[in-house]
Amino acid sequence: MGKLFNEEVASQIKGVLAQMKNEITIKLFIDGKCDTCLETKQLLEETKTLSDKINLVVHEINESKEEAEKYDITLTPTFIILDDKGTYSGVRFSGFPGGYEINSFVSSLLEMSGLRHEFPQEVVDRVAKIKEPIDIKVFVTLGCPHCPGAVETAHRLAMLNSNIKATMIESQTFMELARTHKVSSVPKIVFNDALDLLGNQPVEAFLDEIETLL
Amino acid sequence: MFNFQLSSNKPQINYDELYDFIALGLGPAGLNAGLYAHRKGLKTLIVGHRVGGQLLNTADIDNYLGFSNIPAQKLIDEFRNHIENSKVPMLTDVLVTNIEKSADIFIITLNNGKTLQSKTVLYALGGSPRKLKVPGEDRLAGKGVAYCATCDGPFFQDKDVIIAGGGNSAIDATKDLARIAKSVTIIEKFTISADKTSVEQVAKLPNVTMFEETDVTEIIGDKYIEGIRVFDRKANKERIINTEGLFVEIGSIPNTALLKDLVELNKWGEVIVNNKQETSLKGLYAAGDVTNNWIRQVIVAAADGAKAALEANNYITKK
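Those sequence lines, one after another, are chains A and B.
Numbering-wise (my numbering), the first sequence opens with residue 1 and increments by one.
Numbering-wise (my numbering), the second sequence opens with residue 1 and increments by one.
One should not assume that every hint holds.
[To be verified] Dumping the calculated DSS-like pairs for lysine-lysine here, alpha-carbon to alpha-carbon at most 30 Å:
1) K114(B) <-> K131(A)
2) K43(B) <-> K3(A)
3) K189(B) <-> K175(B)
4) K10(B) <-> K85(A)
5) K175(B) <-> K182(A)
6) K74(B) <-> K41(A)
7) K131(A) <-> K70(A)
8) K14(A) <-> K87(B)
9) K10(B) <-> K53(A)
10) K48(A) <-> K189(B)
11) K87(B) <-> K21(A)
12) K48(A) <-> K114(B)
13) K196(B) <-> K14(A)
14) K129(A) <-> K21(A)
Think of the hints as simulated: they come from the structure by calculation, not from any bench.
Using the sequences and the hints, build the whole thing.
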């Protein structure tokens, strides 16, 4: 298989990753040789070569059941991003983060490395009050320019509060799951498999939905 | 395969600075205005969410001089490279939440909790998809009723879909969806108004049908779209067309909510501008799809942005 990143894209991503502050670790869970597993593995391997602050660990899910259980991994490919202390804060990607989703992927690397997004204080205060587990699924397609914004918001909330877990779900790879959640437009943001929002909504709209679940 | 949009040289924004010119919007109007203002020596900042604006909703551009049939993302990359190579400061990933003018200075509030100040402002925040405003639409939005073909097309593989609209965006969406869906039916209220070359391409596709002078009067379905009710004005006849998806591609409505108490808008909510892109408020300019210029084209938005920047330069110089 040829390279996924051409020279121009590799150079652009390398330039952005140069802003990373601390090391991060990506843990990828794959299952055998499924197409998107291998493609996602290759994307992460190529990304790793673009910054010396990126560590990559690849797990075959059937050989790493304990690790998969620890991070509640049921879909493959799924990868999570840990900070320099090995802390997992619920930032997850299920499926291949290509197309427009390369932006939410690279943003999550930067922000997990310490280059955190600054929310207004009132948003930070509202997030701090969330004491119950919140699961956010953001269904995307790779041709959707509005989707990375929703994924980034969900991941930022996860980074702010350990009770929040946020997963980008690439709908074409997980079409059955998308059908279960009746996804026909993206981004569709699902909270605790109960409530949903459509579109790249502001963080306040995310919090309005979450607060109804508390 | 990758639509990479992040910038490697994020400028440090000085929020205490008094800018000469701030362009709000990262579409062709805002970007070109920023370029022109910066080249005039104005202390300039371009502000917005994602580079590209409404170009992000488009697959290909066929009519921007110098680029024949260029993917929209490639054109956005060219725009961004030009801005970055010219070292025009740009603040991305923010939304504007308020604009006010106090003692000749514009104060712009952002959703990151910060404010910016400027002597002049270009408002170029584009538009949002226009809705049909028929019964069933709001209830079934996201349940088979969609507004972005490039985003939602994959959910309609091998399905029968309908496109409401007959302008360039509707015909572009048809080209995209005809590759995925089993059939695409175009329903246009008046007559197809898209560029002739594009219409001819689409007319040759075996799975595309077009109906003109036909109104969509209702979207039918309980939990998910099942069909649409239409009225064929030529045949003077109502009928129901079964479908699994409806893409609404009937243009945009201007994002002018922030200006409603600040400048004069027309009855469609568009900012009224003169031929210098001036609004009714001194120092505030508008360009692109927010204005009463009925021509919604990339090259026109870019040109109007340039005009606004040059007029802002005159305004500041004369003061």
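Verification of the supplied hints:
1. K114(B) <-> K131(A): 28 Å, holds
2. K43(B) <-> K3(A): Not satisfied, since the Cα-Cα distance of roughly 42 Å exceeds 30 Å.
3. K189(B) <-> K175(B): 19 Å, holds
4. K10(B) <-> K85(A): 26 Å, holds
5. K175(B) <-> K182(A): 25 Å, holds
6. K74(B) <-> K41(A): Since the Cα atoms of K74(B) and K41(A) sit roughly 26 Å apart, the hinted pair holds (cutoff 30 Å).
7. K131(A) <-> K70(A): The hint holds at about 20 Å.
8. K14(A) <-> K87(B): Satisfied, since the Cα-Cα distance of roughly 20 Å is no more than 30 Å.
9. K10(B) <-> K53(A): 19 Å, holds
10. K48(A) <-> K189(B): Roughly 52 Å separates the two Cα atoms, so the pair is violated.
11. K87(B) <-> K21(A): 24 Å, holds
12. K48(A) <-> K114(B): 34 Å, violated
13. K196(B) <-> K14(A): Violated, at roughly 43 Å.
14. K129(A) <-> K21(A): 28 Å, holds
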